[in-house]
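Residue numbers (our numbering), protein chains in the order written: chain D, 46 to 443; chain F, 46 to 443; chain Y, 46 to 443.
Just so you know, the hints here were simulated from the structure itself, not pulled from any lab data.
Straight line, CA to CA, 25 Å or less: simulated SDA-like cross-link-like pairs of lysine to any residue:
#	chain 1	residue 1	chain 2	residue 2
1	Y	K102	D	E434
2	F	K49	D	E197
3	D	K102	Y	T438
4	D	K424	F	P439
5	F	K49	F	E230
6	D	K49	Y	N105
7	Y	K333	D	V384
8	F	K102	Y	A432
9	Y	K175	D	P378
10	Y	K249	Y	R400
11	F	K102	D	A421
12	Y	K64	D	E96
13	F	K102	Y	I442
14	Y	K102	F	G437
15	F	K424	Y	S93
16	F	K326	F	L342
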Amino acid sequence: MDQKLQAYIEKLNTLDFSKMYENDFFLTWEKTDDELAAVFTVADALRSLRERNISTKIFNSGLGISLFRDNSTRTRFSFASACDLLGLRVQDLDEGKSQIAHGETVRETANMVSFMADAIGIRDDMYIGKGNAYMHEVVNAVTEGYRTGVLEQKPTLVNLQCDIDHPTQCMADMAHIIHTFDGVENLKGKKIAMTWAYSPSYGKPLSVPQGVIGLMTRFGMDVVLAHPEGYEVMPEVETVAKANAAKSGGSFRKTNSMAEAFKDADIVYPKSWAPFAAMEKRTDLYGKGDQDGIKALEKELLAQNALHRDWCCTEELMKTTRFGNALYLHCLPADINGVSCTDGEVEASVFDRYRTSLYKQASYKPYVIAAMIFLAKVKDPQALLAALEAAGTPRRIG
Amino acid sequence: MDQKLQAYIEKLNTLDFSKMYENDFFLTWEKTDDELAAVFTVADALRSLRERNISTKIFNSGLGISLFRDNSTRTRFSFASACDLLGLRVQDLDEGKSQIAHGETVRETANMVSFMADAIGIRDDMYIGKGNAYMHEVVNAVTEGYRTGVLEQKPTLVNLQCDIDHPTQCMADMAHIIHTFDGVENLKGKKIAMTWAYSPSYGKPLSVPQGVIGLMTRFGMDVVLAHPEGYEVMPEVETVAKANAAKSGGSFRKTNSMAEAFKDADIVYPKSWAPFAAMEKRTDLYGKGDQDGIKALEKELLAQNALHRDWCCTEELMKTTRFGNALYLHCLPADINGVSCTDGEVEASVFDRYRTSLYKQASYKPYVIAAMIFLAKVKDPQALLAALEAAGTPRRIG
Amino acid sequence: MDQKLQAYIEKLNTLDFSKMYENDFFLTWEKTDDELAAVFTVADALRSLRERNISTKIFNSGLGISLFRDNSTRTRFSFASACDLLGLRVQDLDEGKSQIAHGETVRETANMVSFMADAIGIRDDMYIGKGNAYMHEVVNAVTEGYRTGVLEQKPTLVNLQCDIDHPTQCMADMAHIIHTFDGVENLKGKKIAMTWAYSPSYGKPLSVPQGVIGLMTRFGMDVVLAHPEGYEVMPEVETVAKANAAKSGGSFRKTNSMAEAFKDADIVYPKSWAPFAAMEKRTDLYGKGDQDGIKALEKELLAQNALHRDWCCTEELMKTTRFGNALYLHCLPADINGVSCTDGEVEASVFDRYRTSLYKQASYKPYVIAAMIFLAKVKDPQALLAALEAAGTPRRIG
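Just chain D, with the same shape it has in the complex (with noise of 0.2 Å):
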C-alpha cells in the first residue's frame, strides 16, 4: 500500500469517528476533535487515492441534491465535484422550477426529492436565524421518512453555508493552514487575525468570520477578531470560540484595530461582513415585505461601511506580520482594490502575491465535502480506503 494513504488509515484508527456514520454535518462545534480530525484525514486520503488515479466511486447510483438559496459558483463546483468523486449525480432542487411555491412544506419536499438521494447540500444564508433552522427541518422530515419507510435510505446533509457557520469553507480554510504549517502539530501558539475589511458591497453572510472563530480556536492558536464598533457577530459563536479556546490552549479576544490584529499575525483573514445586529433588523424587514425599510437599511450599512475604508489589507499592514509574510487567506471572491472596486478588502500586489495560496485553499473544498459524505454513508472508512487502493479502478484510462 501507498504509505501516504497508509499513514492516514493509521491515523484514523487513532480516531473515535463512530458518531458521523449515518450522521449529518450542520456546524463545526457540534463535532468532536477527532470527528473533524476525520474529515481532514478522510479529505486527504481521497485526494491522494485520486492524484494517484484511482477511483473513490462509492456509488453505483445515486442523487445527490444541490439546494441553493443565494448565488454560488465554487460552492456549487465544489459539491459537483465531490458528488461526482463518490459516484452521485447532483440534481439541482431549483426553487423557481419546482411547484413549492405552492404552499408545499419543507418537510413534504425534502421527502419527495429524496427517494434515492444520498446526499443534500444546502445554502442558505441569508437571514439570521432562518438558514440553519431550515437545514434541520430538512434533516428531521428525512429522517422521519427513513425510520417509517418512506426513504430506502437517509441523505446526509452537508450545510454547504448557513447564517451561523460556513463549515465546508472553513475546514477547507483550515485544510490549507495544515497543510501550509506542516501539521496541526504545529499551530499552537500561532496568532491568526480574522478581521474585518471595507467592502463597497454590504449585506456579506457572517457565516466565515463566525466559521473562523467557532473552528480555528479549536487547535491551540491565538485567535483574534478584529472589527470596527458595530460590526459584531453573533454572541453565541463568541462564546463558542472562548470555551474552544480554554480547551484547546489557545486564546480567543476581540479587538477594534486592525493593525492591532496584524501585529505578528502568523495568519490574517481580512473580509468584509454585514453587522449581525443588521442583519437581524433586515431579516425582520424582509419577514414584513418592508421595501422602504429595506432600502432605508441598506443606505445606513453603506454609510457605515464607508466610515471604515481604512480597514483595508495593506502591503505596509502585511509587512507588520509575523516575519513580514503572514498566510493570507480569503474565501473568495475578494474586493481587490484597484481591480473589482476602487476601495476594497485588499490591495492588488498582496492579494496577487498570494493567488496561487489562495486557489490551493479553495481546491480543498470539494474533498472536504466528499470526506464528509464518505463518513456519514461508510461503515469502515479504514477498511473502504484500503480496498479501493487495493482494487485500483483508473479514474481515468489513457
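Following the hints, put chains F and Y in place on chain D, whose structure we already have.
What follows is chains F and Y alone, placed relative to chain D:
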C-alpha cells in the same frame, strides 16, 4: 435467487408484454392489462434489487432527456431518479435556454437532442388538445430519425403528464393501492371515490382525475367520479372508463355529491381540478393571446370554485367511509386547510394521519418510470433481472 | 478486431497528432492536416464502437464544464452527449446563478470550477474580438493553475463557437461531406459554395461562414464565398482561406452573385450572417451601453438585409448545381420560407428533400467533440481504441 425476485420473474413469465419493447408510454388505456401488470411487476423487482443494494444499471452511457413545460418538483426528481437508477444521465431541455423560439420545428429539435438519448420524459399538461399531441409529434420524429439512420437508437417516450392522462402518477397510485390491499386480486368490488375538492387556486390539470378513472376501472373496482356540476372531465375519458368497468366486472358512475362518493368508500382521492370546458376555453384564449379574456376567465373560475368551498375532505366525511378509514390518496401537493390556505381540499388532521401513506404513494413513481423505460429497452426482462441479481454489483459500497 | 476499427487505427498510425495531447481546440487553422484527420478518424472510431454497443467510457469520474453565453440546443446537447459518451458529468456554469458578477476575474473562476474538470466547452460568439480571447484567458488560467499545483489536471478546452470560428460545427459538416463523397480523397476539385442568404432576423454570427472557408479550403476543393456587398467576413479569415487553398491545390474566391456561386456547385451552404463591420460596431455600442445606438443599428441592419430578399436557396437555384443535386448543408435551425418565416434562407421543398441529410450532418457533432477531448486526454489513442474494443463492455445491456 431471492424468493421475491423469483416470484416477480415468474409473474412476468405469465404475461405478454412483448409489444412494449422499443415502444413508448402515452396513455394507460393504450396498454393491455398484461402490459400494465408488467410495469407493476418490474417496478417491484427493481425496488427489491435496490433495497438489497444491488445495482440495476443497464446503461453504461446514454442520456435521459427531460422536458417540463410546467413547474415540477416530484416528477422532475422521479424522472431523474429513474434515469439514474438505470444508468442514464438526465439532460434537461430547458426551452428558455434553447433556440427553439427561433422557429425550429418539433421534428428537428427532437432529433437534434436525441443522438445519444435512450429516454425522453415530457410534461406538457397546460393546454387541452396540445400535450399528448406534442408527445406524438416527438415520437414520430425520433421514430423517423431512427428509421432513416439519423439516430442510432430510438429514445423511448415516457409521458410525465399530458392534457389527457398522468400515467406515471396513476400507475404509482395504483401500485400503492395494490400494496396496501395486498395484491391486485383483492381489489374486486372495492369502492374508490375520485372526487373534486375545493381549492383557492384554479386551473389545476385534469390529467389526474382522468388518469384515475381511465386506470382504476380496470381492476374490477367500483369507481365513482364526483364533482359539482360544471366540473366535467373529458367525455372521451369517461367513455374509456365505462368500457373498462364493463370489461373488468367493476362499475363506473358519476355523482354530484361528495358525500355519496365517500359513503362506504375503500379509497378516496379528493382533489381539485378545472372544468374541462373552461380549460378548452383557456386554451383558445392563450392561442389568441387574449390577455383580457384570460383574466376574465380566471376571475369567473375562481368565483365558480368559491361556490363549492364545502367540497372538502373532512374528518366527518372520512367517518362515512368503510370502517371510517378509507385509504386517502393525493398526488401532492395538497391544499390543506389552515396550512397552505384557509379553505382547501382536505382538513389538516386527515392529511396528517395519512402523511406517511401519502409519501409511500409518491415513492412508487421513480420505480414506475424506471420500469417503463426498462420494458422499452430490454428484450428479455426476466433474464436481465436474474442476471442483475446474479451479478450482485453493489449499488453502494461501504 | 472489427475491420473498420482496424482501418481507423491504421489510419491513425500514419498521422502525427502528438501535439494534441494535453492541448486545446480553438481554431481549425491552428491545427495541422494530420491533426484534423485524427479528429475525423477518432470520431468515426468512437461512433463505430458505440454503434456496436461497446462502451467508450474512459473517465470513471470527472466533470465536463459547459459555459454558454448564448442560447443553444444542439451544441448544448452535443457537448452533453460527448461528455457522457466518455464518462464525464456535465456541470453547467450558468453565469446568472453564479457570483461572477461580483467582480470575480476570469482567471479565478476558471480555476475555481476546474478542480475536478477534465474538459471545458465554451460558446461565446456575440462580440467581435471577445469570444476567442475569452477562451484563451480561460486556458491560460487553468494552464497556470495546473503548473502551480492548484489543479490536479488541466481541463482541455473545446471551442463550441467563438467570434472567429465554429470548429465543432465545421468539423461535423466536413465529416458529413467526407462520408457523403465516400472519402476525403474524392473532394479534390469539388466546388463548394458558402453563400449568404436572406433572413428576417439580423446579427447572426459570422463563425459558420468563417469556419467553413477556413476549413473547407484545406481539402483541394474550389471554395466560393458569396454574399451581397457589405456582408464581408473578417479579412484575417479570408487570408487564411487563401493560404489554405494555395497549399491544398484548391481555390478560394469571392463573388457577389449567389447564382454564380451555385452554378455547378457540388455542395452549397446558404446561410444568413451579419456584416463583420456591423458586428464590430455593435460590439462597441454594447461596450458603451449605448441602447439607442444599438436600436438604430438593428433597424439599419434589418433594412439592409431586406434589400437582399432574393438571396434564397430556391429550387431554381438548386437546379443549376452539379446534376441539379448538390449536397445542401445548414448548421440548423434554418429560416425556411413559409415555415419559420415568410421569406428566408431556403425554400421549404428544398429543405424537406435534404432533411435526413441535414440531420445526419448534425449527428457528427457529438462525435467530433468527443474525439477532440479523447485526443487531448489519451496518450496512445490507437492502443486505447483497441483496448476498448477488446474489453467490449456493453454500452447498454438487455
